[in-house]
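Student: If you read the protein sequences in the order shown, they are chains C and F. Residues 0 to 242, numbered by numbering that gives the first Met the number 0, are exactly what the first sequence covers, in order. Residues 0 to 357, numbered by numbering that gives the first Met the number 0, are exactly what the second sequence covers, in order.
These are calculated hints, taken from the structure and not from any lab test. None of the values given here were measured: they were computed from a predicted structure. The beta carbon of each residue, even a glycine, is placed where N, CA and C say it ideally should be. Certain hints may be false.
[What the hints assert, rightly or not] To be clear about the criterion: a stretch of chain F counts as covered by chain C if any three or more of its residues have a C-beta under 8 Å from a C-beta of chain C, and this derived list gives those stretches: (1) 151-163; (2) 225-231; (3) 269-278.
[What the hints assert, rightly or not] In silico PhoX-like cross-links for lysine-lysine, where the CA-CA straight-line distance does not exceed 25 Å: (4) C/Lys-71 x C/Lys-157; (5) F/Lys-310 x F/Lys-292; (6) C/Lys-133 x C/Lys-157; (7) C/Lys-107 x C/Lys-72; (8) F/Lys-292 x C/Lys-133; (9) F/Lys-221 x F/Lys-292; (10) C/Lys-71 x C/Lys-56; (11) F/Lys-114 x C/Lys-133; (12) F/Lys-250 x C/Lys-71; (13) C/Lys-56 x C/Lys-107; (14) C/Lys-72 x F/Lys-250; (15) C/Lys-56 x C/Lys-72.
Residues per chain, in single letters:
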Amino acid sequence: MLHVDMQNVNKWFGAHHVLRDVNLSVTHGERIVICGPSGSGKSTMIRCINRLEAHEKGRIVVDGTELTNDVKKIDEVRRDVGMVFQHFNLFPHLTILENCTLAPMWVKRMPRRDAEEVAMHYLNRVRIPEQANKYPGQLSGGQQQRVAIARSLCMSPKIMLFDEPTSALDPEMVKEVLDTMVSLAEEGMTMLCVTHEMGFARQVADRVIFMDAGQIVEVNEPRAFFENPQHERTKTFLGQILH
Amino acid sequence: MSNATAMMRSVRSAPMFRDRTNTIATAMFGAILVYLGARFARWAVVNAVWTVPPGVGSAPCRAVAGSGACWAVISDRLRFISLGTYPLDQQWRPVVASLLFIALYAASARRSWWKPGLFVLWLAVPALAIVLLRGGWFGLSSVATEFWGGLPLTFLLSTVSFALAFPFGVALALGRRSEMPAVRTMSITYIELIRAVPLVSMIFMAAVMFPLFVPQSFTLDKLLRAHVAFVMVMSAYLAEVLRGGLQAIPKGQYEAAASIGLPYWPTTVMIVLPQAVRTTIPSIVNTFIGFFKDTSLVAVIGLFDLLGAAKAVIVDPKWVGFGVEVYLFVAAVYFTFTFSVSRYTQRLERVLSAERNH
Numbered sequence: 000m001l002h003v004d005m006q007n008v009n010k011w012f013g014a015h016h017v018l019r020d021v022n023l024s025v026t027h028g029e030r031i032v033i034c035g036p037s038g039s040g041k042s043t044m045i046r047c048i049n050r051l052e053a054h055e056k057g058r059i060v061v062d063g064t065e066l067t068n069d070v071k072k073i074d075e076v077r078r079d080v081g082m083v084f085q086h087f088n089l090f091p092h093l094t095i096l097e098n099c100t101l102a103p104m105w106v107k108r109m110p111r112r113d114a115e116e117v118a119m120h121y122l123n124r125v126r127i128p129e130q131a132n133k134y135p136g137q138l139s140g141g142q143q144q145r146v147a148i149a150r151s152l153c154m155s156p157k158i159m160l161f162d163e164p165t166s167a168l169d170p171e172m173v174k175e176v177l178d179t180m181v182s183l184a185e186e187g188m189t190m191l192c193v194t195h196e197m198g199f200a201r202q203v204a205d206r207v208i209f210m211d212a213g214q215i216v217e218v219n220e221p222r223a224f225f226e227n228p229q230h231e232r233t234k235t236f237l238g239q240i241l242h
Numbered sequence: 000m001s002n003a004t005a006m007m008r009s010v011r012s013a014p015m016f017r018d019r020t021n022t023i024a025t026a027m028f029g030a031i032l033v034y035l036g037a038r039f040a041r042w043a044v045v046n047a048v049w050t051v052p053p054g055v056g057s058a059p060c061r062a063v064a065g066s067g068a069c070w071a072v073i074s075d076r077l078r079f080i081s082l083g084t085y086p087l088d089q090q091w092r093p094v095v096a097s098l099l100f101i102a103l104y105a106a107s108a109r110r111s112w113w114k115p116g117l118f119v120l121w122l123a124v125p126a127l128a129i130v131l132l133r134g135g136w137f138g139l140s141s142v143a144t145e146f147w148g149g150l151p152l153t154f155l156l157s158t159v160s161f162a163l164a165f166p167f168g169v170a171l172a173l174g175r176r177s178e179m180p181a182v183r184t185m186s187i188t189y190i191e192l193i194r195a196v197p198l199v200s201m202i203f204m205a206a207v208m209f210p211l212f213v214p215q216s217f218t219l220d221k222l223l224r225a226h227v228a229f230v231m232v233m234s235a236y237l238a239e240v241l242r243g244g245l246q247a248i249p250k251g252q253y254e255a256a257a258s259i260g261l262p263y264w265p266t267t268v269m270i271v272l273p274q275a276v277r278t279t280i281p282s283i284v285n286t287f288i289g290f291f292k293d294t295s296l297v298a299v300i301g302l303f304d305l306l307g308a309a310k311a312v313i314v315d316p317k318w319v320g321f322g323v324e325v326y327l328f329v330a331a332v333y334f335t336f337t338f339s340v341s342r343y344t345q346r347l348e349r350v351l352s353a354e355r356n357h
């Protein structure tokens, strides 16, 4: 069974057609990297998967549940889909630990002690257990992004979405976040990453998708994608970011 | 020696002495200020009558009327101004109630005590104060609300109204941003309607018109009706203050909450409101100061709060004609409270902005 299935998905922001007949099928455990120029619709596409954006035409089925206006279904999908944002979006008034225990306690009704145990487990995994009682503002960007990853993992998601997770980071912090993502990928998590980290794409992606002007222009396995791009637009784009 | 020249130089370089016009203007205004200050000091201190011996009435004051202040009116009627018509032998009760309120304000000022328990305290202290003032329990003699007055009444009105208006204000602020059109329309209508009506007329309506609309057998205490008016108005103002805080919350916070599956209410209670309240605390305190002073408007429906009691003193034949002294004293009391609160808010804003940027 497909894990994420998008068929003829269309979306408009006012008169602007941001997604044009997007078709994408992702199987269990598959790692997809999505790249493309800014404004190409790549963020909007993955934001449709957990309904942060609603699509207007077509079908999106996530882990067997079709996304419609049904709030219950949306909540169901969101419980199984984690998301990491460009600007981390941690809750600034809560400690790192509280950021991580919030959803398990309020969505899964987990007792506090169990939720804290789960949180510490994942904070260990992203290698910052010692920051548990600090506030987000006291951490570096890279540390904050790793906390954001841990916060998502605390809900034991089946699918992880990454929306340019390293774009807002200082260069020296990119690696620590990518390392965390690589280790997640090695465990067989289904992942969709919007990123321009082509090294990461080469290392872990099963498929690389190039989007432009709301369309999926080219899909290929990383080696072929980088060495032998088929479309003119892909070549231009790769030429710009790989120099 | 060199110190003195350095001082002279710094005085000369100050903007108000920079050139001849500025120097002349500064000297003129300085002279006017010194003259007025001296006149006020002569009236308020030098020629003032501080006390009158018992049995002579206000005669010593009348003797200096016009050239000296009569502070004797304050010392003579201090009890009445600060506690109203509360029975004399029971006056420890309003005193204790006032101290409770002051302790509550002091406790609220501590940053480290901003926990949900503080809201409970804001309900518990007024409840305790009411038990004390009203009596009829625990062997305390019962005192009807007509006899409550002075400073405790001012504290009671502002504290109870604020504590009750806060939850309503939160509900209205959330309602105004609701996605449900009916809820949104109702919230907007309420807020705009209430804000368009002067507070004085709301108090009048509560005091005079409300009894006309309900059956005769159903009587509601006048003090309680004044509270209802204050809660109604204050909640509309607080709602607008909080709305600003809600608007300041970045979209990413809502998206992060949605992405981990948090439904509306947990998101609102755990993520949105704590941040909205924190950013608007200076404005919330400001609203409280405003209403603390506005409680004096209940004097118009015959309640003897601080100002109401003061007005009652100056129509007393013994002290008639000494209104300036009494009003100055009451103003000084209000000033003491509101100025310390506003200084506190300034400090708080620095602390909060430092916290946000750490």
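Student: Next step is simple, just say for each hint if it's right about the structure.
Tutor: A quick look at each hint next to the structure:
1. 151-163: Per the Cβ count (0), the hint is violated.
2. 225-231: violated (count 0)
3. 269-278: With 5 residues in contact (Cβ-Cβ under 8 Å with chain C), the coverage given for the stretch 269-278 of chain F holds.
4. C/Lys-71 x C/Lys-157: Distance ~18 Å between C/Lys-71 and C/Lys-157 Cα, so the pair holds.
5. F/Lys-310 x F/Lys-292: With Cα atoms ~16 Å apart, F/Lys-310 and F/Lys-292 stay inside 25 Å; holds.
6. C/Lys-133 x C/Lys-157: violated (28 Å)
7. C/Lys-107 x C/Lys-72: Holds - the C-alpha atoms of C/Lys-72 and C/Lys-107 are around 16 Å apart, at most 25 Å.
8. F/Lys-292 x C/Lys-133: violated (41 Å)
9. F/Lys-221 x F/Lys-292: Holds, at about 19 Å.
10. C/Lys-71 x C/Lys-56: Satisfied, since the Cα-Cα distance of roughly 20 Å is no more than 25 Å.
11. F/Lys-114 x C/Lys-133: Within the cut-off at roughly 18 Å; holds.
12. F/Lys-250 x C/Lys-71: Given pair F/Lys-250, C/Lys-71 holds - Cα atoms ~22 Å apart, limit 25 Å.
13. C/Lys-56 x C/Lys-107: violated (32 Å)
14. C/Lys-72 x F/Lys-250: OK: C/Lys-72 and F/Lys-250 at ~22 Å, within 25 Å.
15. C/Lys-56 x C/Lys-72: holds (18 Å)
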